[in-house]
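Chemist: Chains as they are written, first to last, in the working numbering: chain R, 30 to 508; chain G, 382 to 575.
Treat the hints as calculated values from the structure; they're not laboratory data.
Careful: at least some of the hints might be erroneous.
Simulated crosslink set (DSSO-like; lysine-lysine; CA at most 30 Å straight-line) [stated by the list, open to error]:
{"#": "1", "chain 1": "G", "residue 1": "K402", "chain 2": "R", "residue 2": "K68"}
{"#": "2", "chain 1": "R", "residue 1": "K73", "chain 2": "R", "residue 2": "K340"}
{"#": "3", "chain 1": "R", "residue 1": "K237", "chain 2": "G", "residue 2": "K530"}
{"#": "4", "chain 1": "G", "residue 1": "K563", "chain 2": "G", "residue 2": "K552"}
{"#": "5", "chain 1": "G", "residue 1": "K402", "chain 2": "G", "residue 2": "K530"}
{"#": "6", "chain 1": "R", "residue 1": "K145", "chain 2": "R", "residue 2": "K369"}
{"#": "7", "chain 1": "G", "residue 1": "K444", "chain 2": "R", "residue 2": "K73"}
{"#": "8", "chain 1": "R", "residue 1": "K327", "chain 2": "R", "residue 2": "K340"}
{"#": "9", "chain 1": "R", "residue 1": "K79", "chain 2": "R", "residue 2": "K327"}
{"#": "10", "chain 1": "R", "residue 1": "K145", "chain 2": "G", "residue 2": "K563"}
{"#": "11", "chain 1": "G", "residue 1": "K552", "chain 2": "G", "residue 2": "K402"}
{"#": "12", "chain 1": "R", "residue 1": "K237", "chain 2": "R", "residue 2": "K68"}
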Amino acid sequence: MTAIAAQYLVDNTSDDPRERPPLVLGGLDFNGVSDEVCKVSERKTTLAWKVCFALSVSTLGVLGLCILYLVTTGVGVWGNNQPVGWGFPIVNFVFWIGIGHAGTLISAILFLFRQKWRTGINRFAEAMTIFAVICAGMFPGIHVGRPWLAYWLFPIPNQMGTWPQFRSALLWDVFAVGTYFTVSLLFWYTGLIPDIATLRDRATGRIKQIVYGFLALGWNGSNRHWHRFERAYLLLAALATPLVLSVHSVVSFDFATSQVPGWHTTIFPPYFVAGAIYGGFAMVLVLAVPARELFGLKDLITLRHIDNMCKILLATGMIVSYAYMSEFFIAWYSTNHFEKFTFYNRAFGPYWWGWCIMTFCNAVAPQLMWSKKMRHNMWAVMAVAICANIGMWFERFEIIVTSLTRDFLPTSWHWFKPTTIDILMLIGSFGLFFTLFLLFCRFLPVVAIAEVKGVMPQAHRHGHGHGNGQDGAETAVTR
Amino acid sequence: MSTLLEPQSRTDVETETPPAKLVGLLAEYENVDAIFAAAEAVRNAGFTRWDCHSPFPVHGLDKAMGVRPTRLPWIVLCGGLFGLVGGLVLQWWCNAYDYPIITAGKPLWSLPANIPIIFECTVLCSAITAVFGMLALNRLPMLYNPLFKSDRFRRVTNDRFFVVIDASDTKFDESWTTELLKANGAVAVECVVD
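Kindly produce the complete structure, drawing on both the sequences and the hints.
Modeler: What follows is the structure, given as structure tokens:
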């Protein structure tokens, strides 16, 4: 069967429980998988990549200039005021840190649940996590006002003889985000080692051989190494799972441990985590759908992968919608005057449009994903995923801005309006994200080669109950 | 179609000083079933200093090779406990002992508010121990390895499976070991020299 024929003949989106759909299409063998992934980083730089990269770097440049202006002038260049001391930087922080969560969910939680389809998408989802956390971490770093004193956040002995106050949710955030970044980076790099070794062994140029050889740490596929590698990977997944749930919980504590109406609620940790996974999966789709087209990875990131992600998007979108309804119900049920006012104000106050965008994008748009036809239409998938990202940004905007602009005393109410710098920095953070992501696509394996090979039918010993019903064409070697 | 290949380099290097040393035998296999058969045969022959090499972790091969479970989880447990105690002591030292701060009228040392950071420190130290422990037990980074002199071996990260028997194994005998490997489905056997 030729590769092209197989690609069109095999429908791996069937949900028939009697057969397990193949995860790799196109009749690829082990070498085919290596080729398909490595060619992305081995071929000549394409024009499309150059154009995207030029755009991203320009946007990153705008961010750099904005930061320079901010640092040399002061935080007054933002729209932050009294009482809205958080404004755009913290909205962006929560938005980006949320994006990262889907990567860890795919790499750790789906790994523990033995969801083998994760192997097609986990590598770039993990990369997305790291780059999103870099974007996220930048905002509190510059939001402190005097970034050169940001080291006060860490328990470093200093000339004043003081220490940070560990019972503050903001310091928990420093530890949660710092740990999250470190663990995500370690997890990503650990998974990359065998695949960088593949690139090293295929490399023809001297520079590539040296750089990939250095990064691969001398990996030689030894089974004794694989044994420890897999154990370490399992441990990392088991550690990253509670970690990822803790990170957005801790971010939500920043709000929930305060007294501000609309923030002081116990629903925040699960609500934030669900929202993060929703927004993160949307970002994975936004990256995966064009990537599989542009890089020709349709045999590895198959329609089933997209289909599964759409289902997760729908499920988490429903959880988020439920949380929205629950917030309103509890506000009414609490009979707390301020709480009731906050939610009335959120939907019908001066920022009603933000609430409408949020509700439409997060509660209404994902409903399209009930239809299999829509899940298989890449334009519809992209539209819903982009909607979800916009919606999740507005969710954080609504939470932060509506609660702060109108809290207890009408005398301390104030309006919040972002400045041009605010908006440019939001756009600029996308420049940072896409610059890093494009560099990753250009130089590193975008799909976990070794892991994909491990879930192929040929990877299992025949006649020992390990086959998954897909290898009928293969004949067992008699021993 | 088994062939025994003497690499050119061996004879070349032998003319120079110091002479090339045989470090082991490298046998190539085409698929997972073949590597299982070979692994079981080599294990049953009583070798101890040998290894299988594959492009991905082959499940069940540990058992076929008789590899004992790694002690990595215990090392990670120690790392985690270090993080747990470290996080606890750090917060107690900073906020209750060295620079006491009264926050919200709470006692100087009130554990519940310290749990999140203790948790994060535990996870951080465990994860760092897991990765660097794994690398250390695997003797990585290993920047020189005579196996990489073999062009054949470059396919180990792509689509081929290898058995390497170390020449320092007490059972090692070049001709007998070669025969054993060839008899168990090796498509090629070559000497690894250093």
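Chemist: Would you mind marking each hint as holding or not holding in the structure?
Modeler: Hint check results:
About 37 Å separates the Cα atoms of K402/G and K68/R, which puts this hinted pair outside 30 Å; it is violated. Between K73/R and K340/R the alpha-carbon distance is near 36 Å, which puts this suggested pair outside the 30 Å criterion. Of the supplied pair hints, the one linking K237/R and K530/G holds, its CA atoms being roughly 17 Å apart against a limit of 30 Å. For the hint pairing K563/G with K552/G, the CA-to-CA distance comes to about 17 Å; that is within 30 Å, so the pair holds.
Under the criterion of a C-alpha separation no larger than 30 Å, the hint pairing K402/G with K530/G is consistent with the structure, at around 13 Å. At roughly 46 Å between alpha-carbon atoms, K145/R and K369/R are farther apart than 30 Å, so this suggested pair is violated. Between the alpha carbons of K444/G and K73/R the distance comes to roughly 44 Å, so the proposed pair goes past 30 Å and is violated. A threshold of 30 Å between alpha carbons decides the hint, and for K327/R with K340/R the separation of about 19 Å falls inside it, so the pair holds.
Between the alpha carbons of K79/R and K327/R the distance comes to roughly 22 Å, so the proposed pair stays at or under 30 Å and holds. In summary, the hint linking K145/R to K563/G is not supported, as the alpha carbons are separated by about 35 Å, beyond the 30 Å threshold. A hinted pair counts as satisfied when its Cα atoms are at most 30 Å apart, and K552/G with K402/G qualifies at roughly 18 Å. Note on K237/R and K68/R: the hinted pairing holds, with a Cα-Cα distance of about 14 Å set against a maximum of 30 Å.
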